[in-house]
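Start from chain G and add chains W and E according to the hints.
Chains as they are written, first to last, in this note's numbering: chain G, 51 to 355; chain W, -4 to 251; chain E, 5 to 275.
Heads up, a few of these hints could be off.
What the hints assert, rightly or not - Taking lysine-lysine pairs in the BS3-like style, the calculated list, with each CA pair at most 27 Å apart, reads: (1) W:Lys47 / E:Lys183; (2) G:Lys114 / E:Lys68; (3) G:Lys71 / E:Lys203; (4) G:Lys188 / E:Lys203; (5) G:Lys233 / E:Lys68; (6) G:Lys252 / G:Lys293; (7) G:Lys252 / W:Lys223; (8) G:Lys101 / E:Lys236; (9) G:Lys322 / G:Lys350; (10) E:Lys68 / G:Lys267; (11) G:Lys209 / E:Lys183.
As the list claims (entries may be wrong) - Some chain G residues near chain E, calculated using beta-carbon distances under 7 Å: (12) Leu150; (13) Arg151; (14) Phe158; (15) Thr169; (16) Phe176; (17) Gly177; (18) Asn180.
The set of hints was computed from the structure by calculation and includes no laboratory data.
The structure presented is a predicted model; accordingly, all values stated were derived computationally and were not measured.
Glycine is no exception: its CB is placed at the ideal position from the N, C-alpha and C atoms.
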Amino acid sequence: MTITAEHLSYVYHPGSPFAAKALDDVSLTIEEGEFFGIIGHTGSGKSTFVKHLNGLIRLPSSQKHYKKPKAKKGMPSPVVPSLKVGEYDLSSRKTDFYGLRKKVGMVFQYPEAQLFAETVFEDVAFGLKNFERDMKEKETEAAVKAAIEVVGLDYAAVKDVSPFDLSGGQKRRVAIAGVIVTKPEILVLDEPAAGLDPLGKKEIMALLHRLHGDWCKTVVIVSHDMDEIAENCTRAAVFSEGKIVYALPPKELFLKADELFALGLDIPLTAKLRLALLKRGIETDCDFTVDSFVDAVLKKRGGAS
Amino acid sequence: MKNFDLDIEEGEFLAVLGHNGSGKSTLARLMNGLLLPDKGTVEVFGTALTEKNLYDVRRNVGVVFQNPDNQTVSMLVEDDVAFGAENVGLTREEIGERIAFALSAVGMEEYRHATVARLSGGQKQRIAIAGVLALKPRVLVLDESTAMLDPRGRREIMDVVLRLNREEHITVVLITHFMEEALLSSRAVVMNRGEIVMQGAPSDIFERHEELLTYNLTLPRIGEICKKLQAGGMNVPDTLDVEILAEAIAASLRSS
Amino acid sequence: MKEVTFGQYYPVESFVHKVDPRLKIVFLIAYITAIFLAKNFYGLAACAFVLVLTVAFSRVPILKVLRALRGIAVLILFTSVLNVFFYRGEGDPYFEWTVFAVYREGLIFSAFLVCRLVLLAMLSSMLTYTTTPVALCDGIESLLTPLKWIRFPVHAVSLIMSQALSMIPILSDETDRIKSAQMARGADFESGNPVKRVKAMIPILIPLLISAFRRAEELGEAMEARCYMGDKKRTKYKKLTFTWRDLIVFLLIAGLVTGVVLLRVYCGGVI
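Chain G extracted, bound-state conformation (with noise of 0.2 Å):
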């Protein structure tokens, strides 16, 4: 499924003292198989964008007062917000949002805060029981029994046990099921990793790549920190004041540290390394991994030599 934002825009409160624009005018496409990162300040828009994906927020074309704006002569027409998510298509009214939820997974920022049932398996089915009314028993155990066995848990250790009682990692982690268990194609996740310890974060991120292909096909996150953007994405959209700064991959993405800098975002240790390296007149080509810098360093020893 591929995603196609054309023109969207959004405002917090219109009319009202408190109203914000979130989004102005944001065009992206995201392709099927993409592990994708959105980079931005917190009120960037990058969460108002992503709730647009299983129509938490909806198109006004979508809703039902929805009156077309009417081109005025001499004006240029109105341009009109469009998002497509594979064959849905979320500017229509028709759309069936309750299919699109079951196809995009969404896992917000500490999502732990959503656990609710009495078992972790009763949690983590909870979706599967949503989407799928008619599934039968055998059937939801065995997704279940997937989803929390994928996430890196022992399924019969964990699966009567309350979800309250677990470590903070593992509530994620069960919280992270309780959204893959219905094996939505594309999975966004809001700063998964936030709140935990290094390890945490390490184990989260290698659950994600595990995750990417074969169960998912496609993998958004929203993060702060630019290591983990260079470290895992495909390609990155910086999200600023509402509008869409850069969408390109990591290796050209840090290249523009100044630019990045203004917009008060940081660039990773890789990209800073680069630069030091770059006063002293010596130049690196990587894509901004910890390894290929590292190789990038190592090879130009062995060419000299």
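Chains W and E alone, transformed into the frame defined by chain G:
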């Protein structure tokens, strides 16, 4: 926690490292009497902490917690910062001065009349620090106060804390799992299962990286790069500074 | 990020916004008394005049104030229907059918009651539009202070009130977040019969309760860490003080109540 011995000098900037569940937060709560030890004593400025002198100890040891949303007592910044100063019975004029002092110490003067709910995470956490500073404590304990913030918020907090330590000479105890933050400290201790397992200058601790890994801690990313370059046969030191590393790489390339 | 202000505080600067909250509460009580003391339309006209003044000096858009009536629309409808059809007057009824009868007095009396309700609702909403919840709490606490003599825990009550208030925006954000998360997992809150809908709320309510409890616990700790030990020793930074504005408002209230009483005595009842 068991068998725990730790002395913190006045004016020091101490980082306490440890993975989740290593006992770091218990330590924070022991330091100002939110918890009292089952065995042993906590001494603050030479007096042992008892149930009777909690009040005085808390005036001197301020603690800032993790969740910026769960520390706000009042909806307005000014009222929230005033809370501690009101509790210790200062006069109105004194409280007004304390608010001004605390807000300027965290660089939030212009938000004095703002609503806390509308601030960013980093700003909320700065207000929480100001709320503690209004009591003019001599020790500031940050219990994973940056864990829930974005990088910008984290930087804001670290800038404030460094300045308080250097200019106001407030002793800082920074409890964290971000290795990068620990680098700024003058001394670091590593906790595991309620015990201190390593201590020393932050750079010394990161040199012993195999040992760190056994406590479920990772090296800061730059340390990882140093190790990988060394493994590839390049002669670079263990450093946590980008410029030093770049210089070492350049030197090594020039010599080969 | 959601911007919520509890109740309906309308954030502008105005004369009415700056009036001492205690006085505003007293004003509202006096106003309600005046409305009920008024026996004729002259009295209500005086009350309406005061309302117009209040709205004019508050810079709150009139539409916002009128919106307050939506909440009591049913009540207004109910009272007027009841009075129109059941009030027994003295002359001949305009209309009669079984137990229903419409008299001239019934029409007048019902119009009178509707005016009362409308004025009441609009002025009450002015209090919440122009006073922050915090100021309202402070005002109530200060007005309740005399109750300390009978050992009423004034401080605790006001602390609970203000804590509950500051928790509302946070919990409302949290509700949004949890609701979105469960909707993303296919939860449906909009269709089905009432029983089903209530059941559908469980996945929101439980996480919400847990987060509220955790917040209460952490907040308690944060307060203790800032030397909170009840109201012993405690001083207050914000003392409410009267200004010239308050004097004007005070004179206005006094004038209104006296006026209404005089009108009641000299102009007779509505019917």
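Each hint tested on the structure:
no., hint, result
1, W:Lys47 / E:Lys183, "violated (46 Å)"
2, G:Lys114 / E:Lys68, "holds (25 Å)"
3, G:Lys71 / E:Lys203, "violated (36 Å)"
4, G:Lys188 / E:Lys203, "holds (25 Å)"
5, G:Lys233 / E:Lys68, "violated (47 Å)"
6, G:Lys252 / G:Lys293, "violated (30 Å)"
7, G:Lys252 / W:Lys223, "holds (17 Å)"
8, G:Lys101 / E:Lys236, "violated (49 Å)"
9, G:Lys322 / G:Lys350, "holds (18 Å)"
10, E:Lys68 / G:Lys267, "violated (49 Å)"
11, G:Lys209 / E:Lys183, "holds (24 Å)"
12, Leu150, "violated (10 Å)"
13, Arg151, "holds (6 Å)"
14, Phe158, "holds (5 Å)"
15, Thr169, "violated (13 Å)"
16, Phe176, "holds (6 Å)"
17, Gly177, "holds (4 Å)"
18, Asn180, "holds (3 Å)"
In this structure, the hints that do not hold are numbers 1, 3, 5, 6, 8, 10, 12, 15, in rising order.
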